[in-house]
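Asks: Below, each chain spelled out in residue letters.
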Amino acid sequence: MRHRNLFLFVAGIFFGFVLSRSGASDFRLIHAFFTGRDFTVAGIMAIAIATACLGMRLLKIKNISLSGEPLRIDKKGLHRFSLAGAALFGLGWGMTGSCPGTILVQVGEGKVLALFTLSGLAFGTWLYSFLLDVKKKK
Amino acid sequence: MHDRFLAAIFVSRWQWWAGGISLGLTVPAMYYFFNTPLGISTGYGNLVRILCPRVKSSWLNSDTFRDVWNWRLFFMAGVLAGGFLSSFMSGRTGVLVSMESFTGFIRMPFPVACLHMFSGGLLLGLGSRISGGCTSGHSIHGISNLHPSSMFITAVFVLFGVISSAFLRLFYGGPLP
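Top line first, the protein sequences correspond to chains A and B.
For the first sequence, my numbering begins at 1 and goes up steadily by one.
For the second sequence, my numbering begins at 1 and goes up steadily by one.
Hint data in this document are derived by calculation from the structure and do not stem from the laboratory.
For glycine and all other residues, C-beta sits at the position ideal for the given N, C-alpha and C.
Please note: incorrect hints may appear among the correct ones.
Just so you have them, the derived chain A footprint on chain B, three or more residues with Cβ under 8 Å [what the hints assert, rightly or not]:
id, region
1, 21 to 30
2, 45 to 55
3, 126 to 133
Construct the complete structure from the given sequences, taking the supplied hints into account.
Replies: Quick look at the structure:
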């Protein structure tokens, strides 16, 4: 596809805009969900999953993308550290009230504290790569 | 009527179902138009490579990052621009030092909050890489494709989110949302 990256930039704008407009980038909403006071976030997630599931069902009937190739569905598996990784992610999610997507939204919204979360995320990604090398050497 | 329509989109918060449906549609749309799974967190690897081009670590030099200026980076840039567009259109442009909602509910001096956010971000980065995805990749994309691993991982995400939020309230709790 010509200008593929440009269209992906536009898709990103849509995704970020919706996250921001529905309140997913607001600490209040995430914190209220985790402390059991407001389940708006759970509702957003549930509807998003149901919609995506239905859409994928329809898409899989023909199983081709716009350019005519078969869909390359990403399969995610489990390994022995998955549980620990998910636990670390969950702790970070509760601490910051944001996830890798909404941090970018918050930075776009001009929230200064999100810059620290963003730096932490970049550092964490590097640390993963670093630890992987350490593990291999053993 | 026209003004009210624009205000509903750009100024007031969307109804939960409207946001959810729009977010959900991105998964099939990404597959149909670009034949690529929805996901954000891997793109932070591109960011690290661009910030530190000489990084030696082998995973950051793997095939995933052969081209660091690939779609992931453009998608991420779009998400950031989307956040800006949203606050710009609703008339909230400008830098929010307090990050409103965080400092409103958590009592923490600013330098401590900075450190807290950095540590939280570190856990998010490390955790999403080890478990293979984040809220977009696992929880929305993975569950909607009925991957059992994503369902399990999302349950653990939420469980530990509840745990850390409880500790946050215990040590730094301000007014409740």
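Asks: None of the hints should be skipped; say for each whether it holds.
Replies: Right, here's what the structure says about each hint:
Closer than 8 Å: that is the beta-carbon criterion, and the region 21 to 30 of chain B has 10 residues meeting it against chain A, so the requirement of 3 holds. Counting residues of the region 45 to 55 of chain B whose C-beta sits closer than 8 Å to any C-beta of chain A gives 6, which meets the bar of three, so the coverage hint holds. Note: the region 126 to 133 of chain B has 8 residues with beta-carbon separation from chain A under 8 Å; the three-residue rule is met and the coverage holds.
Checked against the numbered hints given earlier, the structure satisfies every one of them.
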